[in-house]
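Trainee: Use these hints to put chain B onto chain A, whose structure you have.
Number of protein chains: 2
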Amino acid sequence: MKDLEYKIGIDIGGTNTSLGLVDTNGRCIKKINFSTSANKSIEEFISKLARSVREICMIDTHEVHPVGIGIAAPAAQHRAGLIQNPANLLWGTINIADLLKQQYDLPITVINDSNAVALGEMKYGLARGMKNFVAITLGTGLGAGVVMNGELVNGANGFAGELGHIIVEPNGRKCGCKRRGCVETYVSATGMCRTAFELMSSELDASKLRERTYSNLTAKVLYDLAIEGDILARKTFEVTGEIFGKMLASTVVSFDPEAIILSGGLVHAGEFLFKPTLKSFNENVLSSLRGKIAVFPSQFSDGEAAILGASSVIDINEPISAE
Amino acid sequence: MKDLEYKIGIDIGGTNTSLGLVDTNGRCIKKINFSTSANKSIEEFISKLARSVREICMIDTHEVHPVGIGIAAPAAQHRAGLIQNPANLLWGTINIADLLKQQYDLPITVINDSNAVALGEMKYGLARGMKNFVAITLGTGLGAGVVMNGELVNGANGFAGELGHIIVEPNGRKCGCKRRGCVETYVSATGMCRTAFELMSSELDASKLRERTYSNLTAKVLYDLAIEGDILARKTFEVTGEIFGKMLASTVVSFDPEAIILSGGLVHAGEFLFKPTLKSFNENVLSSLRGKIAVFPSQFSDGEAAILGASSVIDINEPISAE
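Line by line, the protein sequences are chains A and B.
Quick note: the first sequence uses the working numbering, first residue 256, plus one each step.
Quick note: the second sequence uses the working numbering, first residue 256, plus one each step.
Only chain A is shown next, with the shape it has when bound in the complex:
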């Protein structure tokens, strides 16, 4: 077993952190998850992370020596190695690369989680061979990574592809970014819960949703109710898909991608979300582009694209000499 062949990809999320041991063929041969516990100290997180790195390097009784670690995280600044005051982690701005390096003296690079997903899809997923595509992650928020002319689009300050903050409704819902009408206030797990509450106010259909508080409603509850046939839960998906389809139609006139690849927790809603999304997309896409742009779910399991993408950037920043 040649050590040179392994890299570690890490995906730090607001709820869970996943690690993957990735071989040269881009296969994730071992995976570990732990709870991020974003409300605890960064020191605690780093020691948990270091333990997991040690654990993932043990294959049976053999210890693998990976050539580097790639970290995908929200609000990550690739060049500086920083995680910059992300909304759903309470650590402020930290240099995650330096902190982990104190435990592991390996090349460590940091990349924005949405960009990691796009890279994972480009190198090992459904976007292989594509020069122009958009990868959208639908979780608590809406994240996106954009590849144009075969390269990740970062923009001047690393904010390119922040499509969750496209304004789709002038004077619409208040967003965490302090503005109003951003698409992620409608199209995301939290956006869907808000839509459910709006529908409870505007419609009269009976629904089990009416027994829920705002605080204990989740996208999973909406999905389960939709399966049961709850009319308001189903309408919630329809409204979400309609807004999402229009947003994709605008995305398409910005980037004209070959494909839009969807991943993240909401993708598990399957047809409940996809059907109204594709209907609305086809109705709203520029006619010259109708039928030309594929929209489909990722084939990776949750978080794997980010792990693979993060592991793949190690090469970019810190080339490893052949041994």
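Hints are computed from structural coordinates only; laboratory data are not their basis.
Treat each hint with caution, since some may be false.
Because identical chains cannot be distinguished in the list, a pair is counted as satisfied if it fits within a single copy or across any two copies.
Claimed, not checked - Dumping the calculated PhoX-like pairs for lysine-lysine here, alpha-carbon to alpha-carbon at most 20 Å:
id	residue 1	residue 2
1	Lys534	Lys433
2	Lys475	Lys386
3	Lys433	Lys547
4	Lys530	Lys490
5	Lys530	Lys475
6	Lys378	Lys286
7	Lys303	Lys547
8	Lys356	Lys530
9	Lys534	Lys490
Mentor: The following block gives chain B in isolation, referenced to the frame of chain A:
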């Protein structure tokens, strides 16, 4: 005078066609305009164009032999050399490169007019040295050329950067593209006229606009009235700027450019348009990007960026051997 040093750049617009003789330093040393007469036959246009090419090659009594011709046109397909059924020219789909080649056996390349403007700015204008920027042209419609990572973003089908068709108002104004709410139905010369009519219906201010028919209202009339102090004309600019600023805020989360460069007829409205646009942009831009993105008018005279950009692509497609 070495012939090798000259190229011809042509900008075909719905109203006027401009030709420029461009030297190796990107200086437009001679310029000719003629009326496109888009309602007449393409044969008539081509013979007019050929005459103008001949004319622009005469410097005093000396005949210059340009090394190639670059043509900027709406709805142009770079690779195929086509102008594809543009909205404001009635020639259907034509192979402009082949048609002109029958008269001039020179390398002829065709490029989308908005992309030509972006290239002109990148090679010879205010975007020199920038790797990421957006060039927006405000004329009859709203066109844009996008450069990311130092390269023009064309997308998979050549439609990337068609920012005029970003939807800013769900169920908003009907657009020529058959959809509703596209930003160019608000932010463009025609969009402003529509806004003036909407304001006449919603407001009660006295205004000379109330003596105008829809058909004989132009952006120039609005500008002249705004200078006179006409309240509705001024409000028209304010409303336009407010919508434009919001659209620029969305553009910024898509592309995160270093700068947004504005050109086209509407730019002549100066502060009437810029002031409300910048106010709205600053109010609506993602706070992490506030103050980081420059928005300013092009320093080229009308159409010159497109001429320079078109002349610059001759090299890209058909390299000219050194003599």
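Trainee: I want to check one pair: Lys475 and Lys386. Are their C-alpha atoms no more than 20 Å apart within a copy, between two copies, both, or neither?
Mentor: neither (35 Å within a copy, 42 Å between copies)
Trainee: Using 20 Å as the alpha carbon limit, work out where Lys303 and Lys547 are close: within a copy, between copies, both or neither.
Mentor: neither (46 Å within a copy, 37 Å between copies)
Trainee: Checking Lys356 and Lys530: alpha-carbon separation at most 20 Å within a copy, between copies, both or neither?
Mentor: Neither. Shortest intra-copy (46 Å) and inter-copy (49 Å) distances fail the 20 Å Cα cut-off.
Trainee: Between the shortest in-copy and the shortest cross-copy C-alpha distance, which are at most 20 Å for Lys530 and Lys490: within, between, both, or neither?
Mentor: Answer is within; shortest intra-copy Cα gap is 12 Å, inter-copy 42 Å.
Trainee: Check Lys433 against Lys547 for me: Cα-Cα at most 20 Å, and say if that holds within a copy, between copies, both or neither.
Mentor: between (36 Å within a copy, 18 Å between copies)
Trainee: At most 20 Å between CA atoms: does that hold for Lys378 and Lys286 within a copy, between copies, both, or neither?
Mentor: Intra 19 Å, inter 48 Å, cutoff 20 Å: intra-copy only.
Trainee: When no copy is specified for Lys530 and Lys475, does a C-alpha distance of 20 Å or less occur within a copy, between copies, both, or neither?
Mentor: within (18 Å within a copy, 46 Å between copies)
Trainee: For the identical chains here, do Lys534 and Lys490 meet the 20 Å Cα criterion within one copy, between copies, both, or neither?
Mentor: For Lys534 and Lys490, the Cα distance is within 20 Å only inside one copy (14 Å; across copies 38 Å).
Trainee: Indicate which option fits the pair Lys534, Lys433 if close means a Cα-Cα distance not exceeding 20 Å: within, between, both or neither.
Mentor: Only across copies: Lys534 and Lys433 sit 17 Å apart there, 31 Å inside one copy, limit 20 Å.
Checked against the numbered hints above, the structure violates hints 2, 7, 8; every other hint is satisfied.
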